[in-house]
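2 protein chains.
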Amino acid sequence: MDVIATCDDNFLTEHRLPKGSMQLLNRTEADTLYAAMGPAREISGGSAANSMAGAAALGLKAAFVGQVAKDQLGEIFAHDMRSLGVRFETAPISGGPPTGRCLILVTPDAQRTMNTCPGASHELTVEALDPELIRSAAITFLEGYLWGPERPRVAMLEAARIAQSAGRTVAFTLSESLCIGDRREGVLGMIESSLVDVLFGNEDEVRHLTGCRGLAECLDALSPQVGTLVVTRGAAGAVAVDGPDRAEISAVAVERVVDTTGAGDLFAAGFLAGRCRGRELKASLETGALAAAEVISHFGARPEVDLRELVSL
Amino acid sequence: MDVIATCDDNFLTEHRLPKGSMQLLNRTEADTLYAAMGPAREISGGSAANSMAGAAALGLKAAFVGQVAKDQLGEIFAHDMRSLGVRFETAPISGGPPTGRCLILVTPDAQRTMNTCPGASHELTVEALDPELIRSAAITFLEGYLWGPERPRVAMLEAARIAQSAGRTVAFTLSESLCIGDRREGVLGMIESSLVDVLFGNEDEVRHLTGCRGLAECLDALSPQVGTLVVTRGAAGAVAVDGPDRAEISAVAVERVVDTTGAGDLFAAGFLAGRCRGRELKASLETGALAAAEVISHFGARPEVDLRELVSL
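Those sequence lines, one after another, are chains F and E.
Under numbering that gives the first Met the number 0, the first residue of the first sequence is numbered 0, with each subsequent residue one higher.
Under numbering that gives the first Met the number 0, the first residue of the second sequence is numbered 0, with each subsequent residue one higher.
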């Protein structure tokens, strides 16, 4: 669950939170920050969950595997997924940590600074996987945020292997350059072993991952290792490389950017929906950009309008 | 906690929910409706709580007395109150019903239809009152929604008596004409016994209460019995009668009305803040109208901008 409050730049400075970043908090740190935050609104979130909400809103058949606890926030999260038609069958856990929360601070420039108390989400294990479900899915989409803790990482790798053995597509989103640091080797290893068919990242993330400085170098370094590489560039648009095919778009104009949370998640959902529906590489980038533009025009990382109509899918 | 989702008119028809109304649901009914609702956002709510959030945002010193349970939604509610500087010391209850939820359905015309599962809120007892706090407050503000269940009604009457004995002002908001039905005698009795100094209601509510048809008749019937009578008229503005003093305003223009939840609550907060700060009757109505206009321009019944600046208090 996202707990979204606005704040000014001073609040971030006082609490030593680098603007635009994501940091993991323990319970005590989260409680302290929460007590200092202004009134908030609670909206379901989570990177891959946002993408699946978007995929469903775009008319795809979507399922989500992720761990919540048997508590009120877990019930709300499950409701919000299922009400969009997303299949969500991971049983909630009892007696462990509560459902994960992300304390999101949105500054007047619409940047979001995320402070995650992962709670139950890091308790996801390989036992939560339904191999039949994975084999039945055209795409298995994995998020980099869960690469850090061991259990979810093992579960994600197993899911990727099941999908690949069934001849399905594995997509991976790098999720936050700050997370990449000590996980770089592992993520690179997964990519080098050809486990990733579609890789999503923003410019910062691909730079951190490859160690290259320029975008062109990053694309050259990564694209031969993945079937499709998609790099989002915020207000500068996005670029994709798919074998010999290459496409670039500028960002969609947004009247007022309110909260950038979920931009990358919805971009990925739109891009994949475009590809699933047979759109060309460039048109799929444009589909992603439209979905991202919608989600940054309001608070929260879940679409608020009929996305399918918006992107004419 | 408000659980706010959008829906179309058909959804209301299918579920037999009269548009714009408030109905009480038991747990099973609430669970059924929730399962049928689309994805939602959770924002703290509650009529008097919204007014106190507004009062604090308007720079008044405010406290809230109301019952939540010791659960995640209760924690969120308490956080949202305290983060606005509202003193909130009612101890959460354990082992009883969970924190109250209101399932709010917002139609494209921005009307809200409220489906309340009152939970812990109806467990408020007279023991929750702090007589010192009440005696110290210039105004004790009571909400009609809690007039139905016996324990909160007894607590409200006791709070009114404590306030009156200390020479303080008692304000009462009628909250929903549909609630008035079987409570009419009791509310009228309280008004007739001069326990109410400031009475808030919308046109529908004062009609139901007085049994009069025209607004002028309603004003004539009620105003002699209360110090100040404030009747809100939606898009038609508002009118107030304070002894020989009478004022009327038109509504504040709103670029796009999104969700009318909380309009009356924030109107009351603005009006009382205006009066507390020495504004004239008409200027106080205008202060109320500005606060109401802000809250209907977005989802949720809590202000999202600096209200004090907005109304120049």
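It should be emphasised that the hints constitute simulated quantities derived from the structure, not laboratory data.
Don't take each hint at face value.
Covered stretches of chain F (chain E as the covering partner; in silico rule of three or more C-beta atoms under 8 Å from a C-beta of chain E) [as the list claims (entries may be wrong)]:
#1 8-16
#2 38-44
Derived pair list, reagent style DMTMM-like, types lysine to aspartate or glutamate, alpha-carbon separation capped at 20 Å [said to hold, decoys possible]:
#3 E:Lys281 / E:Asp181
#4 E:Lys18 / E:Asp219
#5 E:Lys60 / E:Asp70
#6 F:Lys18 / F:Asp8
#7 F:Lys69 / E:Glu74
#8 F:Lys281 / F:Glu308
#9 F:Lys69 / F:Asp8
#10 F:Lys69 / E:Asp70
#11 E:Lys281 / E:Asp219
#12 F:Lys60 / F:Glu247
#13 F:Lys281 / F:Glu303
#14 E:Lys18 / E:Glu202
#15 F:Lys69 / E:Asp219
#16 E:Lys18 / E:Glu74
#17 E:Lys69 / F:Glu303
#18 E:Lys69 / F:Asp70
#19 E:Lys18 / E:Glu28
#20 E:Lys69 / F:Glu184
Predicted model, so just to flag it, every value in this text is computed and none were measured.
No residue lacks a Cβ here, since even glycine has one placed at the ideal position from N, Cα and C.
For each hint, the structure was consulted:
As drawn, the region 8-16 of chain F meets chain E at 0 residues by the rule of a beta-carbon pair under 8 Å; below three, the given contact is violated. For the region 38-44 of chain F, the assignment as covered by chain E holds, since 6 residues bring a beta-carbon within under 8 Å of that chain's beta-carbons and 3 suffice. Using a Cα cut-off of 20 Å, the hinted pair E:Lys281 and E:Asp181 is violated, with the two alpha carbons roughly 33 Å apart. Taking the CA atoms of E:Lys18 and E:Asp219, the gap is about 30 Å. The hint is violated against a cut of 20 Å.
Our distance criterion of 20 Å between C-alpha atoms is broken by E:Lys60 and E:Asp70, whose separation comes to about 27 Å. A distance of roughly 8 Å separates the Cα atoms of F:Lys18 and F:Asp8; the hinted pair therefore holds under the 20 Å criterion. For the hint pairing F:Lys69 with E:Glu74, the CA-to-CA distance comes to about 16 Å; that is within 20 Å, so the pair holds. With a C-alpha separation of about 19 Å, the suggested pair F:Lys281 and F:Glu308 falls inside the 20 Å cut-off, and the hint holds.
A threshold of 20 Å between alpha carbons decides the hint, and for F:Lys69 with F:Asp8 the separation of about 36 Å lies outside it, so the pair is violated. As the CA atoms of F:Lys69 and E:Asp70 are separated by approximately 12 Å, the hinted pair is consistent with the 20 Å bound. For the hint linking E:Lys281 to E:Asp219, the alpha-carbon distance of about 19 Å falls within 20 Å, and the restraint holds. For the suggested pair F:Lys60 and F:Glu247, the alpha carbons sit about 28 Å apart, so the restraint of at most 20 Å is broken.
For the given pair, F:Lys281 sits about 25 Å from F:Glu303 by alpha-carbon distance, which is inconsistent with the 20 Å threshold. Note on E:Lys18 and E:Glu202: the hinted pairing holds, with a Cα-Cα distance of about 17 Å set against a maximum of 20 Å. Among the hinted pairs, F:Lys69 with E:Asp219 is inconsistent with the structure: their alpha-carbon atoms are about 55 Å apart, more than 20 Å. Between E:Lys18 and E:Glu74 the CA atoms are separated by roughly 31 Å; this puts the pair beyond 20 Å, and the hint is violated.
Taking the CA atoms of E:Lys69 and F:Glu303, the gap is about 31 Å. The hint is violated against a cut of 20 Å. A threshold of 20 Å between alpha carbons decides the hint, and for E:Lys69 with F:Asp70 the separation of about 12 Å falls inside it, so the pair holds. Taking the CA atoms of E:Lys18 and E:Glu28, the gap is about 17 Å. The hint holds against a cut of 20 Å. Between E:Lys69 and F:Glu184, the direct Cα distance comes to roughly 44 Å. Violation of the 20 Å bound is thereby established for this hinted pair.
Hint violations for this structure: numbers 1, 3, 4, 5, 9, 12, 13, 15, 16, 17, 20, all remaining hints satisfied.
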